[in-house]
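Student: Going down the list, the sequences are from chains W, B, A and H. Numbering of the first sequence is given in the numbering used here, commencing with residue 1 and proceeding in unit increments. Numbering of the second sequence is given in the numbering used here, commencing with residue 1001 and proceeding in unit increments. Numbering of the third sequence is given in the numbering used here, commencing with residue 2001 and proceeding in unit increments. Numbering of the fourth sequence is given in the numbering used here, commencing with residue 3001 and proceeding in unit increments.
Some hints here could point you the wrong way.
Computed spacing ranges between beta-carbons, pair by pair [to be verified]:
no.: 1; chain 1: A; residue 1: K2273; chain 2: H; residue 2: K3292; range: 41 to 51 Å
no.: 2; chain 1: W; residue 1: T11; chain 2: H; residue 2: E3332; range: 29 to 39 Å
no.: 3; chain 1: A; residue 1: E2246; chain 2: H; residue 2: E3296; range: 39 to 49 Å
no.: 4; chain 1: H; residue 1: H3264; chain 2: A; residue 2: R2310; range: 11 to 21 Å
no.: 5; chain 1: H; residue 1: R3310; chain 2: W; residue 2: E421; range: 30 to 40 Å
no.: 6; chain 1: W; residue 1: D263; chain 2: A; residue 2: R2310; range: 52 to 62 Å
no.: 7; chain 1: H; residue 1: G3023; chain 2: B; residue 2: K1554; range: 36 to 46 Å
no.: 8; chain 1: W; residue 1: L115; chain 2: A; residue 2: E2296; range: 43 to 53 Å
no.: 9; chain 1: H; residue 1: R3310; chain 2: A; residue 2: K2273; range: 51 to 61 Å
With the Cβ distance kept under 10 Å, some of the chain H side facing chain A (calculated, not the full set) [what the hints assert, rightly or not]:
no.: 10; residue: N3217
no.: 11; residue: R3218
no.: 12; residue: E3220
Derived SDA-like pairs (lysine to any residue); straight-line CA-CA distance at most 20 Å [stated by the list, open to error]:
no.: 13; chain 1: A; residue 1: K2155; chain 2: W; residue 2: P496
no.: 14; chain 1: H; residue 1: K3141; chain 2: B; residue 2: S1032
no.: 15; chain 1: W; residue 1: K533; chain 2: W; residue 2: T490
no.: 16; chain 1: A; residue 1: K2338; chain 2: B; residue 2: E1411
no.: 17; chain 1: B; residue 1: K1417; chain 2: A; residue 2: R2283
no.: 18; chain 1: B; residue 1: K1430; chain 2: A; residue 2: E2019
no.: 19; chain 1: W; residue 1: K493; chain 2: W; residue 2: Y577
no.: 20; chain 1: H; residue 1: K3292; chain 2: A; residue 2: R2283
no.: 21; chain 1: W; residue 1: K426; chain 2: W; residue 2: M413
no.: 22; chain 1: W; residue 1: K533; chain 2: W; residue 2: G505
no.: 23; chain 1: H; residue 1: K3272; chain 2: H; residue 2: I3261
no.: 24; chain 1: A; residue 1: K2155; chain 2: W; residue 2: K435
no.: 25; chain 1: W; residue 1: K181; chain 2: A; residue 2: K2155
no.: 26; chain 1: H; residue 1: K3188; chain 2: H; residue 2: D3237
no.: 27; chain 1: A; residue 1: K2337; chain 2: B; residue 2: P1412
no.: 28; chain 1: A; residue 1: K2338; chain 2: B; residue 2: D1264
no.: 29; chain 1: A; residue 1: K2141; chain 2: W; residue 2: T245
no.: 30; chain 1: H; residue 1: K3141; chain 2: B; residue 2: H1256
no.: 31; chain 1: B; residue 1: K1533; chain 2: B; residue 2: K1583
no.: 32; chain 1: W; residue 1: K435; chain 2: W; residue 2: N480
no.: 33; chain 1: A; residue 1: K2315; chain 2: H; residue 2: I3261
no.: 34; chain 1: H; residue 1: K3141; chain 2: B; residue 2: K1417
Hints listed in this document are in silico derivations from the structure and should not be mistaken for laboratory results. We put the beta carbon where it would ideally sit given N, CA and C, even for glycine.
Read off the chains here:
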Amino acid sequence: MTIVKTKTQKTPVGVKRVVNDFSFTIATMNGSGSQTSNLLLLRALFKMGIPVSGKNLFPSNIQGLPTWYTIRVSKDGYIARRDETEIVVALNKDTFVEDLEKVVPGGAFYYADHLKFNIQRDDITMYPMPVLKLVKESGAPTALRDYVANMVYVGSLAGMMGIDMDKIKLALEFHFGGRQKPIDLNFGLIQAAAEWAVDNLEKQDPFYVEPMDATDGLILADGNTSAALGSIYGGVQFLSWYPITPASSLPEALIHNISDLRDDPETGEKNYAIIQAEDELAAIGMAVGAGWSGLRAITSTSGPGISLMTEFIGLAYFAEVPVVIWDVIRVGPSTGLPTRTSQGDLTMVNFLGHGDTQQIILLPGTANECFEFGWRAFDIAERHQTPVFVLSDLDLGMNQWMSEPFEYPDEPMDRGKIHWEGDMEKLQEKWGRYKDVDGDGIPYRTVIGNRHAASSWFARGTGHDEFAVYSEDSQVWEENMARLIRKYETARKSMPEPISENMRGAVIGILAFGSTAAAIDEARDYLKEAGIKTNSMRVRAIPFTAEVKQFLKKYDVVYVVELNRDGQMHQLLTLEYPEFAGKMVSLPKHDGMPLSASWVKEAVMAEEQK
Amino acid sequence: MTIVKTKTQKTPVGVKRVVNDFSFTIATMNGSGSQTSNLLLLRALFKMGIPVSGKNLFPSNIQGLPTWYTIRVSKDGYIARRDETEIVVALNKDTFVEDLEKVVPGGAFYYADHLKFNIQRDDITMYPMPVLKLVKESGAPTALRDYVANMVYVGSLAGMMGIDMDKIKLALEFHFGGRQKPIDLNFGLIQAAAEWAVDNLEKQDPFYVEPMDATDGLILADGNTSAALGSIYGGVQFLSWYPITPASSLPEALIHNISDLRDDPETGEKNYAIIQAEDELAAIGMAVGAGWSGLRAITSTSGPGISLMTEFIGLAYFAEVPVVIWDVIRVGPSTGLPTRTSQGDLTMVNFLGHGDTQQIILLPGTANECFEFGWRAFDIAERHQTPVFVLSDLDLGMNQWMSEPFEYPDEPMDRGKIHWEGDMEKLQEKWGRYKDVDGDGIPYRTVIGNRHAASSWFARGTGHDEFAVYSEDSQVWEENMARLIRKYETARKSMPEPISENMRGAVIGILAFGSTAAAIDEARDYLKEAGIKTNSMRVRAIPFTAEVKQFLKKYDVVYVVELNRDGQMHQLLTLEYPEFAGKMVSLPKHDGMPLSASWVKEAVMAEEQK
Amino acid sequence: MAAKKSNGKTNLIGLRKREYRGGVTTLCAGCGHNSISNQIIAACYELNIVPEEIVKFSGIGCSSKSPAYFLNRSFGFNTLHGRMPSVATGASFGDTSLRAIAVSGDGDTSNIGLGQFKHVMRRNLKLVYIVENNGVYGLTKGQFSATAERGLKLKYQGENTYMPIDIIMEALSSDATFIARSFAGDAKQVKELLKAALTHEGLAILDIVSPCVTFNNRPESKHSYDWGKEHEQQLHDFSFVPKEEEIMIDGEFPEGSTRTITMHDGSTLVLKKLESDYDPGDRWNAMRVVEKSNQEGVLLTGLIHLNTRRASLAKMHNLPEDRPLNRMTERELRPAKKTLDALNAKMF
Amino acid sequence: MAAKKSNGKTNLIGLRKREYRGGVTTLCAGCGHNSISNQIIAACYELNIVPEEIVKFSGIGCSSKSPAYFLNRSFGFNTLHGRMPSVATGASFGDTSLRAIAVSGDGDTSNIGLGQFKHVMRRNLKLVYIVENNGVYGLTKGQFSATAERGLKLKYQGENTYMPIDIIMEALSSDATFIARSFAGDAKQVKELLKAALTHEGLAILDIVSPCVTFNNRPESKHSYDWGKEHEQQLHDFSFVPKEEEIMIDGEFPEGSTRTITMHDGSTLVLKKLESDYDPGDRWNAMRVVEKSNQEGVLLTGLIHLNTRRASLAKMHNLPEDRPLNRMTERELRPAKKTLDALNAKMF
Ligand SMILES: Cc1ncc(C[n+]2csc(CCOP(=O)(O)OP(=O)(O)O)c2C)c(N)n1
Ligand SMILES: Cc1ncc(C[n+]2csc(CCOP(=O)(O)OP(=O)(O)O)c2C)c(N)n1
Ligand code: SF4
Ligand code: SF4
Ligand SMILES: [Mg+2]
Ligand SMILES: [Mg+2]
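Model the full assembly from the supplied sequences, consistent with the hints where possible.
Tutor: Okay, here's the thing in structure tokens:
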């Protein structure tokens, strides 16, 4: 590795450096290719050992509408979204004015100098960047100019804030998979921009980055890719999907990674199949078919797709077909805000399907957990022969998260109770597909291709007895449905347990799930500073495990924080633990944004002061 | 009207007559045409002034599988299903043995004498009927013989129990719309059978019917027909549907009745349109389109159809389109028991649609109410510009119910807040489709065809501001969603209030909804006899009105009785009133049968004795 | 001789062209969908349609967003993915005097929406149904739709292995009553076909190849501008003559080389023969010609099939002609009180 | 000379016919669906298929119940209304060595299921897809389905006003690889076509007119026994010769009047010319002939189209030939531990 040297700005006299503790936001237009440069910055910072997080705020549009990317560096390791931004990079004339307003006093405003606005703010520093000029000088082919223009801000920021050029190079090499030509072109421009900035701009803001070692051993990954990889390690055999934001990148990551990891290196043969279905009705139908045939089957979608899958989920629940459904939630109801994040599908999924149903729901909160639940969901689905939902969200799924590295599955695959020919031979009594032999509500199943003459059965969504024979008998119906409750209760015992964080002396609890963990961790620190000590619990599955009850029991008040309007987790907790309803306080937020610690802090403080 | 005279059996010596207080069950094969004779009996009894109810227990099959029809006569006016049957009429050899077992000791067993089984019971009376012989003698054309064979049991029962021949004739005339030929053929056979029975059978059982005047002014109707008629009086303008048991007879009744009531008598022109859609996705889509265009639109279905409608309901909720959806519930999950009754779609409908939604649900409990909610649902839907669900069930929808007569709407049609050209002219400020002008959460709408240049707007399921303009703004989203809660709270105030029945000194409450009312009323009498005084409340709508809370507050214990596995009404009440969770006891039953009073009594007693 | 023209500033009903415009497009610069929107604006302007007498519908996709970018003064409903036909069907009964324009995408129509697409053709709903066909899902970033040709290779998506669905063949097998194909790059033809479609008393399918410049515009792709420009072959030189105007056929073509068809409202379609005479009335020939063109790798455009004999959906419903259903009042809609007694008497 | 026969009690794999039976039917006596079930039993018996090597699928309807009434020893899945194709697609990957038989109804396929029907044809799933076509929804008591002819009058339903969907035309427009029509009243042809379909390496559509005796069997109805018997016209005298047998064409027809087609597994289809020679390879001619027969009110039966060149869905997926996916174990399915470090290193 060549060590790259470039100049960086000196700290101005009289300014107190703010190091590794601020946010900067890049305002561009959708479809302008800025995603590459933003990721470069994020990765370079991460490789510098600085805790970092990036949030992409994009419109439901392909090209032309405003989009923002915020990067937060935090020496304290906070990775939640912040409401404030110290630095703004303005490349979009349509939002120039509002972008300028966003900068906190004392902050900095970088802008492309061809965006001519006669507005100034004297409480911040304004840095014009000669984007067109530098691009022209770079010698980039005309077709690529718009695209590489984004490197100018990378370079400018690097020079002005002190981002390591080495690390940027690394990130570039990673991004271009080692292809030298684009690496050189882009890096040349970055360097030129950095030099230009150092030579021509006068640093007045106090924001700097400096190397740390706080990201050692960590990874930077988005939840959808993590889930895809986890599924591959979970032995996924069948994926059917239909494109939808923000879920598409899960199957797409699976498609782009599975060949290398799973194809037979000699023959190229595959032990899985992937189908882009004609819609979500078909996607879930295929996955249910595959699950029934003995494959580890998955589909992924978002709210509108879940709605369309409703009837099939009821069938899978009742015919007891293992299948894994990832719901990467966006803001609903209806088409809603397709590019905004939400935790709003919880009650719907919990009660999904007409008639009495109970769904198993996993709630990952980190990229690492997306990987883990990626494989574990198959074990749970096959063990319990039932659909398993994994509820992620746009923020977790599509943004880059700093996380513990993926861990290799610590348990062998659990294919559940499945009889093959040999098992059938050994049976003492007549096998019945829906017979509760072990008293745990989970029967034994067989799958197609089993050549034992007594192994076949006829699956259906209509009433059936223990031998899968059609039945309209009242008692048969009631017993079977009661067994399904038993099965659910069995599942409860092996659900991923919640994760708690404790503080000595806390009498207040905060309960949450999924992607809001980072904001809550951070908020708890602030609350502590404000004299309010809290313990927190992050629930990771429904049905709730025993720890949830203990948590609710323990505190005088428990704030239930979540990203939806109706406080859906609060609703499910109320239903399950009405005895604690009096001390649960619902704190829902539904603005489509990743949660910020300051909102949590304010919300809790407001309640506490009541 | 000719008064018809036939002989009836004398009471055997030493037998204490049981009058107008027993049940009899007719066991036949599906598709054998017995529905006609069963209804004849039911109607004749009703016309005799005897409180009566009929329950059809039929398989999911067109021809050949066993089917039972139970008629209960009750001088006390009880119309719930009973678990016991005093008399069985056996015409199906496949179930002969089990049918024989069903008769309570002291009861009677009528059977077709060509069904040769060498089984006897000496604790009941066995009455063979020479079905084939009498049919042959009737001179019925060969093609009709199987069909008219059912008249033999009508006649036999009439003769032996004392059913008025006049009334049977009346019922026949009604059934055949006055067509003399079939009336004569059938009536001839009935008379012959009655005479044969009186002459040849020796009455030993004590069960008789006698005229009363307890049905004066009442009607006998099934819920689906009632709903259809109510909708016609509600000014239904658009119906789209897809066949499904047990909902099909609602649109079919509408189709068969609307022409007479609504077509222009001169031109034959229609002010409504009906479409059998290709599936439920299309049925709801059409209804939503029609509702949006300013028509009173309805669709009806059962669980599987509701599942398929999920996404459109979310759209209608969020785009604020009035539409009425009847869910005639059958047993789920999945295809379940298509011909069995249930109240199992409650939580699913309540949380229907991804994202945060709140659905308005009406819960009729009588035929009269099906009529009323038939028209009222349109008013509620248009007033609140939202989907309105009406949850009926197979028992209420498809069985004949004694009920108060239909009442003409006591309120003028409420088309809600709708602006036409003239209204637009008068506006002082800019009209906005989603603007909460009145503070009740309900905005003003316009519909297509409005020629005012400022009246048009673009409906969508995506985020929108007060002027229906696309918006991804956080605050706009939150405010709009908060307004939808406001609207729901406005709706709460005008929901049909619950109906209570009180007893002096009761400290126990029973809360229920829908078709279970009859069983609960009856059970309360039995409980009283057993020393347990109860008051009851039948909830008729969600959102719950203030009375519900008062009821829960008032009693030491409230039993929530319903026909599903998970106690779904109990769940919704717990969610809304967790403070009373401690005294609510869930008593769910999910055997697919109409509820019986004895089950309710036993269930409550068991709890009380705990 | 040229046809009668408006004064240039306003059309015959006194509206300016901008009164037919919509909001500013948010689609990509160069997207085929934008040029189709422009032709819709032009066609309605030139046809002198009152914008309030149009209703717009769409499903979900880039294409389906476009109704927000034309005819701001018309009502519109941006429905669900693949299920616009059902909403349009229901809404059409509100006021059957209106005309309806629907925009859908190839994914919207041929993937998730195939069932509703086929069934709305069966019903012959009076609707101009435009499929803005680019072979990909634009809005979700370029996955193959069912109209993508087998063997098409896209950078991120790899190779398409399935047989394509041909919108026109589907319309022909469903016996739709107006079937046309065009190309967003052929503005004049798009506009003339739109005008004809707007006068059709039934379902008019317009399958318009509308390139997605962002995800599927490589020259070898059958939905690209380049491919379209190189391979378009017009069935005829098509023009629409509104009923107000005299039909004048200019002298270029010898007699006998022109076919004229009269629409319900009296307008005329003029089809000038190009290579061979084509009879859009012959559905079987249409199938043959379309399949041949597919096999030869030609983008055949023009009015492929027309049948003016079948009644539209609304016509089958015997509704009053003089006033729309959605203006009816309680007086008409609620049966009189006296009828109820008779009904109650029947309830036994 | 007759083909080789089994000993009469068992077939060549030693199974008795009753080992191919299912549960007792609950369909109406005389229902066309029952006779089709019987032919499925006969075809599988005669083809010496191991029942465990068949998988059955169906949607919802009377027809869709019938898989419970044949092949008790085969696995089966009675899925959702109209959505059998997707379930069959997913399940087919469990073990691609199996053969699959699907039963659907006309409502199941042409109404709610039209989209999935069309898309499964595009994918060429290896599946015998039988449409038991009676023009009505039997199980919900006789409402019109989309295949009911326009103008059909039923007592309770009134008159059908919509254009019918023709399953065969849909299959042709979707370019399905095996397309046949038959009539439940023509048991022999049904059986021979079934055998051929069972050896086809792709999707085989069998549209079988199967009268609903309870709701749609009046002689004037196009889905009735009477109508079928009177109007059936066979395209050819069709027979199937399994690969184990020598092809012997009996002398009735002069040379040149017989067409033989070899299937993937080496079996042969023998098509004897009746009125004119018919080439099932020519899709365009098929469309013409089918449409002509529809217009003439003829029930044209036989093998309408066959294309043995296109690869089946499974083949496109490059799966191992030697063992089924659903028997693979952790060793094959979970990548080795060492691969994870490399992955983690890439996560930045
Ligand atoms: C039920 C549902 N599934 C998926 C999506 C996501 N989605 C939005 S647009 C689209 C595809 C649009 O493709 P097409 O109709 O071809 O339109 P284009 O963008 O190419 O114009 C999809 C899959 C959705 N909105 N709803
Ligand atoms: C989603 C859904 N909608 C409606 C139904 C009710 N349903 C059951 S069978 C059937 C129609 C079956 O007709 P067809 O496929 O023609 O079969 P047939 O009974 O005529 O053989 C319908 C509508 C259902 N089961 N599921
Ligand atoms: S992504 Fe494609 S279809 Fe969508 S707006 Fe851009 S060019 Fe048009
Ligand atoms: S109703 Fe019709 S389709 Fe159903 S079993 Fe009876 S005859 Fe067959
Ligand atoms: Mg497209
Ligand atoms: Mg049918």
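Student: Each hint should be assessed against the structure and marked as holding or not.
Tutor: Right, here's what the structure says about each hint:
1. K2273(A) x K3292(H): 41 to 51 Å: With a Cβ separation near 28 Å, K2273(A) and K3292(H) fall outside 41 to 51 Å, so the hint is violated.
2. T11(W) x E3332(H): 29 to 39 Å: Cβ of T11(W) to Cβ of E3332(H): about 58 Å, so the range 29 to 39 Å is violated.
3. E2246(A) x E3296(H): 39 to 49 Å: Cβ of E2246(A) to Cβ of E3296(H): about 43 Å, so the range 39 to 49 Å holds.
4. H3264(H) x R2310(A): 11 to 21 Å: Given about 43 Å between the Cβ atoms, the range is violated.
5. R3310(H) x E421(W): 30 to 40 Å: This hint holds: roughly 34 Å between Cβ atoms.
6. D263(W) x R2310(A): 52 to 62 Å: holds, 54 Å
7. G3023(H) x K1554(B): 36 to 46 Å: Given a distance of about 54 Å, which is not inside 36 to 46 Å, the answer is violated.
8. L115(W) x E2296(A): 43 to 53 Å: Since the Cβ atoms of L115(W) and E2296(A) sit about 51 Å apart, the hinted range of 43 to 53 Å holds.
9. R3310(H) x K2273(A): 51 to 61 Å: Distance hint for R3310(H), K2273(A) is violated at roughly 37 Å.
10. N3217: violated, 24 Å
11. R3218: violated, 23 Å
12. E3220: Interface hint status for E3220(H): violated (22 Å vs cutoff 10 Å).
13. K2155(A) x P496(W): violated, 39 Å
14. K3141(H) x S1032(B): Given pair K3141(H), S1032(B) holds - Cα atoms ~14 Å apart, limit 20 Å.
15. K533(W) x T490(W): violated, 36 Å
16. K2338(A) x E1411(B): With a Cα-Cα distance of about 16 Å, the restraint between K2338(A) and E1411(B) holds, given a limit of 20 Å.
17. K1417(B) x R2283(A): violated, 49 Å
18. K1430(B) x E2019(A): Judged against 20 Å, a Cα distance of about 19 Å means the pair holds.
19. K493(W) x Y577(W): holds, 17 Å
20. K3292(H) x R2283(A): The hint holds at about 12 Å.
21. K426(W) x M413(W): violated, 23 Å
22. K533(W) x G505(W): holds, 7 Å
23. K3272(H) x I3261(H): Within the cut-off at roughly 11 Å; holds.
24. K2155(A) x K435(W): violated, 51 Å
25. K181(W) x K2155(A): Since the Cα atoms of K181(W) and K2155(A) sit roughly 19 Å apart, the hinted pair holds (cutoff 20 Å).
26. K3188(H) x D3237(H): Cα-Cα ~10 Å, so holds.
27. K2337(A) x P1412(B): Within the cut-off at roughly 12 Å; holds.
28. K2338(A) x D1264(B): This hinted pair holds, its Cα atoms lying about 16 Å apart.
29. K2141(A) x T245(W): Roughly 9 Å separates the two Cα atoms, so the pair holds.
30. K3141(H) x H1256(B): Judged against 20 Å, a Cα distance of about 16 Å means the pair holds.
31. K1533(B) x K1583(B): holds, 17 Å
32. K435(W) x N480(W): holds, 9 Å
33. K2315(A) x I3261(H): Answer violated: K2315(A) to I3261(H) is near 49 Å, above 20 Å.
34. K3141(H) x K1417(B): violated, 41 Å
Consistency with the previously given hints fails for numbers 1, 2, 4, 7, 9, 10, 11, 12, 13, 15, 17, 21, 24, 33 and 34, ordered from lowest to highest.
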